[in-house]
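Asks: Listed below, chain by chain, are the residues.
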Amino acid sequence: MKQIAIKVSNISVSYDQNQVLTDTSFSLQSGSICGLVGMNGSGKSTLFKVIMGIVEPKTGTITVNGLSLREAQKKGVISYVPQSEDIDWQFPLTVWDVVMMGRYGYMNVLRSPSSTDIEKIKESLHKVQMYGFKDKQIGELSGGQRKRVFLARTLAQGASIMLLDEPFSGVDAKTEAAITTLLLELKKKGATILISTHELTSLTEYCDHVVLIKHTVIAFGKTDDVFTPENVSKTFDGMIHRLAFGNKPVDIHH
Amino acid sequence: MELLLAPLQYEFMVKAIGVSALVGAICALLSCYMILKGWSLMGDAVSHSVLPGVVLSYIFGLPFGIGAFVFGLFSVLAIGYIKSKTRIKEDAVIGIVFTALFALGIVLISKTPSNIDLTHILFGYVLGISNADALQTLIIGIVTLITILVLRKDLLLYSFDPTHARAIGLNIKALHYTLLILLALTVVAAIQTVGVILVIAMLITPGSIAYLLTDKFDRMLVISTAVGVTSCILGAYFSYYLDISTGGAIVVLQGIIFIFVMFFAPKYGVLKRKIKSR
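Residue numbers (the working numbering), protein chains in the order written: chain A, 3 to 256; chain B, 5 to 282.
Wrong hints could be hidden among the right ones.
As the list claims (entries may be wrong) - Computed from the model, here is a short list of chain B residues facing chain A with C-beta under 7 Å:
| hint | residue |
| --- | --- |
| 1 | 14 |
| 2 | 157 |
| 3 | 164 |
| 4 | 168 |
| 5 | 170 |
| 6 | 217 |
| 7 | 224 |
What the hints assert, rightly or not - The calculated lysine-lysine pairs, modelled on DSS-like cross-linking and capped at a C-alpha distance of 30 Å, are:
| hint | chain 1 | residue 1 | chain 2 | residue 2 |
| --- | --- | --- | --- | --- |
| 8 | B | 220 | A | 76 |
| 9 | B | 89 | A | 60 |
| 10 | B | 89 | A | 138 |
| 11 | A | 136 | A | 189 |
| 12 | A | 60 | A | 224 |
| 13 | A | 77 | B | 177 |
Derived from the structure by calculation, the hints contain no laboratory data.
Where a beta carbon is used, it is the ideal one built from N, C-alpha and C, also for glycine.
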């Protein structure tokens, strides 16, 4: 039987007078890739921040592998790939430095790397084919390469739960394919992956579960059951993405 | 050579140069974080806000550092509180808080029948620093120096990607306040050397110079410190020979180095970029 990796229970968040999330609940099993889908301003990124512990919810709890969020984070079981817009690419850091940050949790107070740490960093960089760029300043990389560096950081951390914030925005087709392959491989090894996205076209190819969000959970479940034109229409205020359903008959009134 | 060593015969010069070099080092280290985190204005706020604290310390006969530290931190908390409770934007809030506190300091000085010399607080007076003040600066300086060096990687990660820092179990609130406390302590330590007005230069310029010269953070710390320490020692020297303000001399030197680096830095210099864009 599969273990529950992330359990989101009755989360509510409000900024000033704006209720951003209301009574949001869902849970993910290990060995699964789940798409978190919603419009801009749907509370999607707020939910991400709650799961990362950056935003305190007004009510509700997050449990990770049966532990409280803080305990789980101290064990380093959750990793995170940020949106490109959230990163200052002019920072004086090389590719190597960034991937090294994935290992800080394993190091002593001074964060001096052991030989295991170095090995893991090398291995992760090779895995995303970025080893040759290890001494480059991060701002000198292309959009796809930047994503791959942060993916390598996640791999170096070796977390069983991964959160990816818009991993496919500003990425070329080749990198998108490479990332997808890597994620599917990780899933096979038992990883739990939550991907926030508003690109629906290829979602069905790699997500086995979907959470549709519009200030609360519109629908949650297996992609085949839940990712219907009807639900997507509800999530996106009636605008059905034709591309997403190009191959299926679009029939809302079945 | 003899002429160069002449100032070192005087105990006050040795003391002044030693204190300046230490202050130069901690300001320079911290400046790397200030400019990367975008906290330059915060540094300006803290440094101006310590003035009433310094004056009150004199009135109550406490070491000046205590009052300065309290008011430095108070300004930061006040800025945070006002920002979260009103619709005023952060830059305006910072401007309101630090000018109000600075003005309070001026008012207090004008009403204090004592021999506080306003110019010494505003612009520093390291050549005349007392043994007690030098010791105070030394203790604060060493504590700050060790803290920054031990936490340098955690503080860098916190500045770069706080969400990841949090994800691997670091206490980012603690890191945030550590950085603020370090800022307040550094300002306190620098008051005697360059004064509350010019300390902001020491908290921005060395880091900016280093940022134009390297893409590696550890190297940035080294370059920044080298610039900070060198300019402080030379500044103290020049101020002795030319009979000019020490703080002024230090900051002018840093300004000159910045202009030079801005144009001639090998990768990010204006000239190099011009050649590249052709």
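Asks: Decide, hint by hint, whether the structure agrees.
Replies: Outcome of the hint check:
no. : hint           : verdict
1   : 14             : violated (40 Å)
2   : 157            : holds (4 Å)
3   : 164            : holds (5 Å)
4   : 168            : holds (6 Å)
5   : 170            : holds (5 Å)
6   : 217            : violated (10 Å)
7   : 224            : holds (5 Å)
8   : B:220 to A:76  : holds (28 Å)
9   : B:89 to A:60   : holds (18 Å)
10  : B:89 to A:138  : violated (43 Å)
11  : A:136 to A:189 : holds (26 Å)
12  : A:60 to A:224  : holds (29 Å)
13  : A:77 to B:177  : holds (18 Å)
Hint violations for this structure: numbers 1, 6 and 10, all remaining hints satisfied.
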